[in-house]
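Chains A and B, in that order, give the protein sequences. Numbering that gives the first Met the number 0 numbers the first residue of the first sequence as 0 and each following residue consecutively. Numbering that gives the first Met the number 0 numbers the first residue of the second sequence as 0 and each following residue consecutively.
What the hints contain is simulated information worked out from the structure, not anything from laboratory work. Every value quoted in this text rests on a predicted model; they were computed, and no experiment measured them. No false leads were mixed into what you were given.
Identical copies look the same in the list; a pair holds intra-copy or inter-copy alike.
30 angstroms max Cα-Cα, derived DSS-like pairs, lysine-lysine:
1) Lys155 x Lys145
2) Lys203 x Lys145
3) Lys155 x Lys174
4) Lys50 x Lys145
5) Lys50 x Lys101
6) Lys206 x Lys174
7) Lys155 x Lys85
8) Lys195 x Lys206
9) Lys79 x Lys195
10) Lys174 x Lys203
11) Lys195 x Lys174
12) Lys145 x Lys206
13) Lys6 x Lys174
14) Lys79 x Lys50
15) Lys206 x Lys6
16) Lys145 x Lys6
17) Lys79 x Lys66
18) Lys6 x Lys155
Protein chains: 2
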Amino acid sequence: MKSEKNKLPTLTTSLSPSLLHLYDVNSSIVVIIDILRATSTITTALYNGAKSIIPVDSVAECIKLGKQMDVITAGERDGKIAEGLKYGNTPLQYTPEFIKGKTLVLTTTNGTRLLHMALAEGALGIITGSFCNLSAVCDYLIAQNKNVILACAAWKDRVNIEDTLFAGAVISRIKNNFQQNCDSTQIAEILYHQAKNDLFGFMKDYKASHYQRLMGYGLEEDIRFCLTIDNANLLVLYEAGRLIVG
Amino acid sequence: MKSEKNKLPTLTTSLSPSLLHLYDVNSSIVVIIDILRATSTITTALYNGAKSIIPVDSVAECIKLGKQMDVITAGERDGKIAEGLKYGNTPLQYTPEFIKGKTLVLTTTNGTRLLHMALAEGALGIITGSFCNLSAVCDYLIAQNKNVILACAAWKDRVNIEDTLFAGAVISRIKNNFQQNCDSTQIAEILYHQAKNDLFGFMKDYKASHYQRLMGYGLEEDIRFCLTIDNANLLVLYEAGRLIVG
Chain A
0 MKSEKNKLPT
10 LTTSLSPSLL
20 HLYDVNSSIV
30 VIIDILRATS
40 TITTALYNGA
50 KSIIPVDSVA
60 ECIKLGKQMD
70 VITAGERDGK
80 IAEGLKYGNT
90 PLQYTPEFIK
100 GKTLVLTTTN
110 GTRLLHMALA
120 EGALGIITGS
130 FCNLSAVCDY
140 LIAQNKNVIL
150 ACAAWKDRVN
160 IEDTLFAGAV
170 ISRIKNNFQQ
180 NCDSTQIAEI
190 LYHQAKNDLF
200 GFMKDYKASH
210 YQRLMGYGLE
220 EDIRFCLTID
230 NANLLVLYEA
240 GRLIVG
Chain B
0 MKSEKNKLPT
10 LTTSLSPSLL
20 HLYDVNSSIV
30 VIIDILRATS
40 TITTALYNGA
50 KSIIPVDSVA
60 ECIKLGKQMD
70 VITAGERDGK
80 IAEGLKYGNT
90 PLQYTPEFIK
100 GKTLVLTTTN
110 GTRLLHMALA
120 EGALGIITGS
130 FCNLSAVCDY
140 LIAQNKNVIL
150 ACAAWKDRVN
160 IEDTLFAGAV
170 ISRIKNNFQQ
180 NCDSTQIAEI
190 LYHQAKNDLF
200 GFMKDYKASH
210 YQRLMGYGLE
220 EDIRFCLTID
230 NANLLVLYEA
240 GRLIVG
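Start from the sequences and build out the full structure, keeping to the hints where you can.
Now the structure itself:
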């Protein structure tokens with residue numbers, strides 16, 4: 000029994016980009032998690048017909064690509080539309096009417112930076128994860144049968160509740176297909192089980208810092224959308240510099 | 000009400016030494032937390048009459064001081080007595096008969112390293128925390144009325160369950176005296192409330208990595224001791240290179 004279990008791939012959780020280097024990135028599929036709101040926006044834009052999404056690190060790079068190519072440029076810094084860009088990081092903005100057939104160049108505070116870290120460390124594969132496509136993420140990870148790192152984007156490297164909750168949701172669904180020896184994975188799953196009946200209420204009750212920040216901007220609808228399971232359920236793969244439907 | 004609340008000092012939690020730099024170390028009292036087993040051993044040795052404890056980073060430094068001074072040298076690497084040292088990191092070893100009136104030079108994998116990090120970053124004050132002296136820690140932090148960072152030593156920078164649980168125990172007792180805007184603090188408290196009725200059972204049920212490691216060495220009694228509240232209840236202060244009774 001034990002030796003059977005040892006043949007399974009590993010499942011680990013990095014609660015902050017500052018911890019990613021502790022894990023075996025180059026032998027793992029890395030799931031980039033930035034629930035509020037980068038990875039939820041990415042999923043939604045692709046679900047609503049975007050051709051692809053180019054994630055970039057800086058606002059300057061975003062503006063530069065916008066001048067060179069026929070794309071929509073968007074991004075935020077500290078939760079607000081970045082100066083010099085027209086569109087932000089709200090998933091609700093990326094309706095089929097707006098985004099269908101178009102390419103989006105996106106820069107965000109935490110999620111796109113983490114993606115480039117995973118890339119630089121030689122990840123075996125990179126996908127993005129959000130509650131919006133929870134089932135697609137889980138189905139893919141089980142089918143791949145490779146080591147997995149659930150990588151939370153956090154907030155300026157500080158661990159956050161919502162990314163940890165999503166990691167926990169994935170763990171609760173796929174754990175039997177993996178071997179685990181990772182306390183962060185256990186903590187994330189415990190947290191998720193406590194929250195799962197009302198994710199929004201949990202974020203509110205425990206004064207999640209990002210909940211408070213976005214509520215302060217009047218973005219309750221965004222939060223509720225980003226905490227809804229499978230409302231844009233497709234797989235998002237990173238390939239040759241672009242996020243595409245997998 | 001809000002402005003009153005804003006006058007309170009802040010309470011934050013660093014779940015790993017890799018995250019400590021994110022917090023305002025130089026305006027805070029830092030609580031070093033290494034439940035299995037450094038800070039539990041430190042508390043117990045002082046409670047049983049050790050004159051002081053000199054925490055050092057390396058085994059070599061430990062051996063060197065042992066040759067220069069009349070001290071007991073002890074330390075572990077990866078949970079076992081380090082080569083060249085005679086004593087280890089089990090709190091049960093430091094009985095009054097053995098340790099009374101003596102000075103202990105101690106080096107451990109995670110806890111002593113974190114202490115020196117906090118020192119290097121200019122902490123306002125440093126104390127050590129363990130379940131063994133939970134009440135003394137909480138009373139002190141409330142009385143000081145200064146910003147607090149609960150700093151988990153983790154395991155080679157990977158977040159662990161037992162240090163997070165202790166942070167949660169402190170938070171549950173002192174939170175009304177502090178302002179909070181830290182998701183790690185919330186997560187730690189949620190975890191603690193889930194575990195508090197049976198800390199040992201919780202560690203076992205959730206396969207805490209350090210629980211498994213120490214059980215593999217036959218150290219169940221150590222684990223049980225380190226999870227017992229207030230069995231060596233005194234304050235441990237770091238002052239001028241030494242840990243002493245506060």
